[in-house]
Amino acid sequence: MLSSQIKSNEIVFGSCNKDLLEEIIFYGIGLGADFVEIFIENTDNSSVLAEEDFITSVSPSFGRGAGIRIFKGKKDGFVSTNDLTKHGLMRSVSQAIEMLDITDNKRELFNGLNKHRDYSLSKKKWINEVPSIHEISEKLLVSTKSLKKNNKIITRKGSYSRNLQEVIIASSDGTYVSDIRLHQTVGLNVIASDAQYRSSGSRRFGSSGMPNEFRLWDHEKAANDVFESSMNMLYADYVDAGQMPVVLANKFGGVIFHEACGHLLETTQIERGTTPFENKLNEKIAHESVTAIDEGISEGSFGSLSVDDEGMEPEKSVLIKDGILKKFISDRAGELRTGHKRTGSGRRQNYSFAAASRMRNTYIAKGEHSKEDLINSISEGLYCKSMGGGSVGATGQFNFAVEEGYLIKNGKLTSPVKGATLIGEAKEVMPKISMCGNDLELAPGFCGSISGSVNVTVGQPHIKVDSITVGGR
Amino acid sequence: MNSKEITTQISKAADFLNLKKWDYGASFSNDYSVQVDKGEAKQLKASQKQILTIRVWNQSNLVGITTTSDISESGIKKALKQANIASDFGNKNESTEFSPLAKDPIKFKEVKKRNPVGIKKLLTVLREAEVKLLESHESIKSVPYNGLSESFFERVYANSEGAFRSYSKSQAALYLYARAEEKNKKPRSSGSVKLGYGADDIDIESCIKEASNKTISHLNYSSIKTDKYLICFSPESFLTIINAFSSMFNARSIIDGVSLSNKNSIGEKLSTEALNIYDDGLHEKNISSTPFDGEGTPTKRLCLINRGRIENFIHSESTARIFKTTPTGHAGLGSKVSVSPDWIVVEKSDENFDLKTSLDHSTYEGEFVYIEELNAIHAGVRASQGSFSLPFDGWLYKNGKKISIESATVAGDIKYLLKNIVNIESSQEVTTSGISPHIWVDELSITGDA
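Keeping their order, the protein sequence lines are chains A and B. Numbering-wise (this note's numbering), the first sequence opens with residue 1 and increments by one. Numbering-wise (this note's numbering), the second sequence opens with residue 1 and increments by one.
Watch out, some of these pointers could steer you wrong.
[As the list claims (entries may be wrong)] Reference excerpt, derived from the structure (chain A facing chain B, CB under 7 Å, subset only):
| hint | residue |
| --- | --- |
| 1 | F54 |
| 2 | I55 |
| 3 | S61 |
| 4 | G63 |
| 5 | S80 |
| 6 | V130 |
| 7 | I133 |
| 8 | R198 |
| 9 | T274 |
| 10 | S386 |
| 11 | G389 |
Just so you know, these hints were derived from the structure itself, not from any lab. A virtual CB, placed ideally from N, CA and C, is assigned to each residue, including glycine.
Using the sequences and the accompanying hints, generate a full structural model.
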């Protein structure tokens with residue numbers, strides 16, 4: 001059950017909390033705040049790990065807490081607490097006011113909360129519809145068994161996690177919203193070994209708001225994919241380092257755009273002065289073949305949401321259209337500090353983080369070429385079939401590990417290679433994306449940044465980058 | 001609810017559910033932090049957090065666990081019930097017990113807990129630090145990543161056999177990352193992090209100086225040619241590598257088949273005989289030291305590599321039982337108990353006759369690459385395969401000149417790296433993750449843009 005015990009003067013999930021929330025917001029405004037926002041959550045999570053042919057970990061967790069944010073001018077104070085009583089919430093408001101050193105007598109108006117927008121009505125049954133631990137365990141064990149395809153596979157793992165988050169958001173602009181979010185992920189990993197050779201393979205799948213999704217997951221197909229990847233890479237040579245053209249596969253290949261360019265289009269980067277694109281709106285920043293989108297509305301996608309963590313419905317934001325920068329990803333603080341309108345992208349890991357401008361489902365739109373067109377256009381280069389993680393430095397330099405790579409010679413895929421890293425800078429690489437395939441697909445992931453780890457989708461069709469530095473040996 | 005009350009509540013609720021065996025870990029914290037932007041307060045944060053993790057053993061001695069932030073009477077009851085349900089799925093293949101050392105005396109030098117200085121003082125100190133850093137060099141245009149924080153926390157471990165441990169401490173952290181810009185050049189960035197028991201203990205001036213010097217030292221940069229180079233790892237970067245491959249010493253990783261070592265690797269020669277590595281969570285310089293691990297086992301100094309050979313693995317209760325040894329104080333409380341190192345100490349052994357002592361980072365005049373800091377560890381390290389390919393900040397020393405290296409990676413194999421250590425400098429430096437001297441390694445691959 002998500003709903004908490006009913007107590008007087010305390011936030012109660014599943015009930016009307018309007019009077020209490022208004023009282024707390026009035027209190028903050030009365031003390032001189034320009035803006036008061038209350039974010040309250042109640043979580044019910046569980047995760048299961050299968051190793052070889054055993055369930056080795058079952059980890060349920062639950063919790064509740066509130067994050068209170070006060071703005072005065074362009075600065076903000078944020079206080080988080082586990083105490084959801086009226087006294088606890090008011091104490092947090094006082095603490096935020098005190099931190100901001102608000103002493104002036106100017107008072108903003110607060111006309112009370114608007115009509116409750118309840119996005120959770122059709123979602124209350126989800127908790128009873130998600131698979132039980134018993135059901136999850138059985139399917140994970142079948143999945144890890146499917147990975148045992150030969151004696152070179154020395155380690156097999158399957159993992160599942162489910163996060164159910166019930167939120168209430170109220171703020172002094174009248175916002176009053178409730179929602180329930182459900183995220184499920186399942187992953188398979190193997191390590192293969194033969195004499196001195198070792199390789200690994202992994203895939204992760206995820207969905208939002210689809211209680212039945214894990215039941216529908218094709219574990220056999222996933223196991224085959226992971227197994228084949230590890231076998232292909234087992235005897236691979238290390239790639240030779242150098243500058244070369246590369247083809248990045250669809251789905252998780254989109255992590256490069258997410259990391260290298262997407263983060264630089266968040267208003268938090270403008271606030272810091274760390275994006276080269278700050279003054280490039282309506283200017284060409286990428287090859288004309290590139291159109292890039294960030295949205296939170298694709299049904300079931302891992303980064304989709306009914307409402308963001310600041311109470312705004314997510315929009316579909318065309319970030320780059322035919323190579324021209326069209327929009328930044330913005331939250332409330334971003335709008336206040338940079339002037340870029342909110343896009344429904346205010347997101348946070350949980351109540352202990354203030355929301356920030358964050359990506360949702362971010363992808364490069366499909367083009368007109370086939371995957372073969374892209375590969376055929378390269379005489380010597382690298383095909384990155386599966387990407388690992390990566391990061392972007394403070395000056396925009398990025399690097400990404402290639403989990404599964406193949407050399408391209410004379411327009412054909414040849415031998416597998418390992419140890420490759422893609423290195424570059426967004427503003428230099430974006431104009432070099434010269435061909436986009438017609439096979440756009442999305443993949444789930446977790447993005448860690450200023451407001452914690454949030455669920456996102458990355459994606460793209462196959463794309464060709466004319467030249468990039470490939471790190472190797 | 002304080003820790004004694006939590007223990008009483010759990011005991012009562014466990015009796016009600018007929019659960020005879022349980023343990024728990026809890027933490028309570030109050031954190032305060034500030035960030036500034038060109039003299040203005042940007043975000044001020046305060047948080048009160050509490051986390052409780054309860055394990056129960058059912059009648060078949062299978063373990064279930066639940067974690068919650070709801071430390072109320074009802075929250076504790078619910079957590080015990082959920083843990084009890086989870087115990088039906090407990091690992092039948094590997095049992096977990098209480099640590100046999102959970103009641104052993106603890107040798108821990110208590111550090112006096114500092115009092116909070118408060119948000120206003122944190123803000124004043126950080127504003128002044130930002131101004132000083134901006135004024136330290138005309139090319140430093142901003143300090144985009146900065147923060148000053150202080151934390152006050154208590155950790156508790158207790159079990160149904162009467163073990164009870166708790167400690168509380170304070171800790172503060174300052175980080176300053178500056179961004180320098182010069183005409184017709186790419187922006188450059190670097191920074192510094194300093195820890196202290198309290199905000200008043202942090203060496204702010206040295207943090208400013210270090211952030212400024214590091215950033216300025218990267219202003220004159222160039223691409224590097226892809227090739228194999230003689231490398232000098234800074235203490236920080238060498239500790240990063242050792243921590244990234246600590247699964248070599250981790251009994252949990254060995255059992256799980258994700259380590260380069262195996263049960264019989266004790267005594268295996270990994271590197272030059274001149275290398276000693278310890279894990280020493282209680283080291284006096286370790287600001288983040290904790291006197292006991294998640295299972296209540298006392299923290300202690302443990303030799304991992306002695307004269308180039310693996311001497312010990314780090315253990316939890318269950319891995320120690322499997323390896324027929326004792327827990328080492330490296331466990332984290334979880335459904336599957338994790339094992340991780342505390343604080344690595346690298347030093348030169350007395351068997352150091354084969355080292356090339358002429359290699360000293362401050363005097364050597366030949367060509368070499370100095371790796372100051374390794375980045376993107378999560379993406380570029382394959383611990384189970386032993387390989388790494390990591391971007392880094394550093395310099396190329398050539399013909400008596402030092403030039404910052406732009407956009408490059410270092411790649412290799414950890415066993416190759418350890419075997420090719422050619423010098424371990426004498427002087428150790430304290431970092432936030434351990435202590436190490438500068439370490440020289442021959443013939444590692446560098447990929448650059450040149």
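Hint by hint, here is what the structure shows:
Satisfaction of the interface hint for F54/A is found here, the shortest Cβ-Cβ separation to chain B being roughly 5 Å, below the 7 Å cut-off. Look at I55/A: its Cβ gets to within about 5 Å of chain B, closer than 7 Å, so that hint holds up. At its closest, the beta carbon of S61/A sits 4 Å from a beta carbon of chain B; the interface hint therefore holds under the 7 Å criterion. For G63/A, the interface hint holds, since its Cβ comes within 7 Å of a Cβ in chain B; the closest pair sits about 3 Å apart.
The criterion of a C-beta within 7 Å of any C-beta in chain B is met by S80/A, whose closest approach is roughly 4 Å, and the hint holds. The interface hint given for V130/A is violated, since its Cβ lies 15 Å from the closest Cβ of chain B, which is over the 7 Å cut-off. Hint status for I133/A: holds, given a least beta-carbon distance of 6 Å to chain B, under 7 Å. The beta carbon of R198/A comes within 4 Å of a beta carbon in chain B, closer than 7 Å, and the hint placing it at the interface holds.
The interface hint given for T274/A holds, since its Cβ lies 5 Å from the closest Cβ of chain B, which is under the 7 Å cut-off. Annotation: interface hint on S386/A violated; nearest CB of chain B at approximately 13 Å, more than 7 Å. For the restraint placing G389/A at the interface with chain B, the shortest Cβ-Cβ distance is roughly 4 Å, inside the 7 Å limit, so the hint holds.
Consistency note: the structure conflicts with the earlier hints numbered 6 and 10.
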